[in-house]
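**Student:** Single-letter residue listing:
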Amino acid sequence: MVRSFAGLRIRERRLVLGLSQTALAREAGISPSYLNLIEHNRRPVAGKVLLALARALDVPPSALGEQATLGLVAALREAAADLPVHDPETHQIEEFVGRYPGWARMISTLDQTNRELRTTVEALGDRLTHDPVLQSDMHEMLTTITAIRSTASILATVDDIEAPQRQRFTRAIHDESQRLSEVAGALTDYFDRTASSDRPPATPEEEVARILETAGYSFTQLEHGGEVEPLLDTLLPKGAAARAELRHWLTRWRNDAEAVPEAVLDDLLATPLDLTVAARKLGVGVAQLMRRLAFRQGQAPLGLIAINGAGQILLRRPLPDWPISRQMAACPLLPVFDALWQPGTTWPVDVQMPGGQSTLAICTAEIDAPHRMGERGRPSATMLIVPDSARHLFAPTDPGTVAAGPGCRVCSRTRCTARIAEPVIAHQL
Amino acid sequence: MPKRILIVEDEANIMESLAFLLRRDGFEVSTMPDGARAMGEAERVSPDLMILDVMLPNLSGFDVLRDLRAHDGLSATPVMMLTAKGQTRDRDQAEQLGADLFMTKPFSNAAIIAEARRLTGLDP
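Going line by line, the protein sequences match chains F and S.
Numbering-wise, the first sequence is residues 1030 to 1458 according to our numbering.
Numbering-wise, the second sequence is residues 235 to 358 according to our numbering.
Take these hints with a grain of salt, some might be off.
[As the list claims (entries may be wrong)] With beta-carbon atoms standing in for the labels, derived distance ranges:
| no. | chain 1 | residue 1 | chain 2 | residue 2 | range |
| --- | --- | --- | --- | --- | --- |
| 1 | F | A1185 | S | N292 | 33 to 41 Å |
| 2 | S | R300 | F | D1218 | 31 to 39 Å |
| 3 | F | T1148 | S | R323 | 20 to 28 Å |
No lab work stands behind these hints: they were computed from the structure.
Quick reminder that beta carbons are idealized off the backbone N, C-alpha and C, glycines included.
Kindly produce the complete structure, drawing on both the sequences and the hints.
**Tutor:** Listed below in C-alpha cells is the structure:
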C-alpha cells in the first residue's frame, strides 16, 4: 500500500518559497489547521483543494498529486530489485519519492535506459551466435574453404594426377574461390545493413556524430566567413547539449577554414604535400592543417583522431576501413599516443592492423599556449589517417611500421602485451 | 578384397576430392549426394565405412545415421560424420546416435585418410 506523500511535497515546496502555513492556507482558501493536517499526511488532498494549493505554490497539480508517485514508486521498486547488490533502503522508497521526485525520476530513467541497453547487448550477442543469416553464411564459408583446402592439398602433394582430373580440380578451386568471395561480399553487406539503424541517437555526442557524418564533415557555407548560428538552425540538433557541442565543432571548422582558405588548400594539394613545410609556410599549426585536410569534401577522404593529454578522443573522422568508436577505448599502441611525448614533431608511420592491412598515419602533437602566467600549456596530439587511395597527396616518405588494433574489446590480436580487456567476441568467430 | 566406403555428401567438390584421395589409398568408393537415397545405396554396397555429411538435402545426416543404426544388416557400420558446425550440440547428437567419429570442416586430407584406415580396421 502506497502512503500519501503529497503533504510532504506541499510542505517542502512551501518552505522553499519561504511561506508560513498561515500564508499558504490563506492563499489557498483553507484553514491553517487543515493545511497542517494535509502537510502531515493525515488528510488526503485532491480536487479543488489540490488545485488551489498547486496554484498558490506555483507548480502543476500533477507535481503534488498521487498518480506520479504511484508510478515512480513502482519504477524504483523495479530498479531496486534489478540491482539488489547495492542494498537500497526499499522500505523508504515512498518517502524518497515524496521528498525528491526529481532524483526519483532520474533514477527511474537511468534504470529504464540501463534495461534497454542490456536488452540491446543481449540481442546483439544472441544475433552473433544464433542469427540464421550469419549461421548459414558461416556454414557456406566453411564448406567452401574445406573444398578449396582439400583440393589444393591434393594438387600440391600428388604428382601423378591425370590431366582431365587435374583440370577438374583446378576448375573446382576456381569455382569455390568465386563462391567464397560471393559469401564474403554477402556477409559484408549484411553487416553494413545491420550497422545502420533507425534508432534515435542515445546521447548528444551520438547526435552530433550523425549530423557530421551526414554532412560529410564538411560545411562549405562556413568557407568564406559564413555564420555558425544560421547553419546550426538548419542542422537542427535536438537537445541543448548537442547544439552546444555542434556549435563548438562548427566554430573550430570555420576558424580552420579562415586560417587555411579553400584556394590555398587546393594549391597545396596540387603537388605532393609535406605537412611540416606547408604548415610553416602558412604560419599555422600542423594539427590545424590536418583538420582542414580531414574535414573537407575530397575525392579521397582522410581519417583523423585528435586526443588530449589524458588520451581522450576529442575529434574523430572515421573511415570505412578505420572505424573509430566514441565509446570504446582506443588501442594504446596507436602512434597518436606516442606523439603526445614528442610535441613539435611530425612523422609518418605505417599502422598494421591485426588483419594484416597497413595504413599510413601522420602524427603530430602540440602544446596550447597558456592563457596566463603560471598556467601550464595543455598537450594534444593529432593523427591523420591516409588510406592508400589518398597516399599520392603526400610527399613520399619511408615510414616505419607499428602494430596496433581497433581497441581491446574488438581486437583479435593474441599475445598482445598492451591488452587490458578481453574481446567481447570469441577469437574463433 | 578392398574395403568399401560410401561417401554421403552433397558438396560435389568435397565429394570428388574425398573420393579421389580414398580411391588412391586403395579403397573402393561409392558416392551419394542425397540423404533420402543414402540408405538404399548403403544396402546396395554394404560399406565398411560410411562418411556422412550432416547437412544433406531431403534427409539430414542425423536421420540417415538413425536409420542406419536401426537397420538389421547395417547397424554395425562405422560412421564418420562431417560437419561445418563444430557446435557441442551437434557433436553430442552425433555421439548419442552412435557416430564413431565427428570431423569438423575444414579438415585435413591426411586426417581423413588416417581415420578411414583406422575405422575400417586397416590400421590399429
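**Student:** Hint compliance check: list the failing hint numbers for this structure, sorted ascending.
**Tutor:** none
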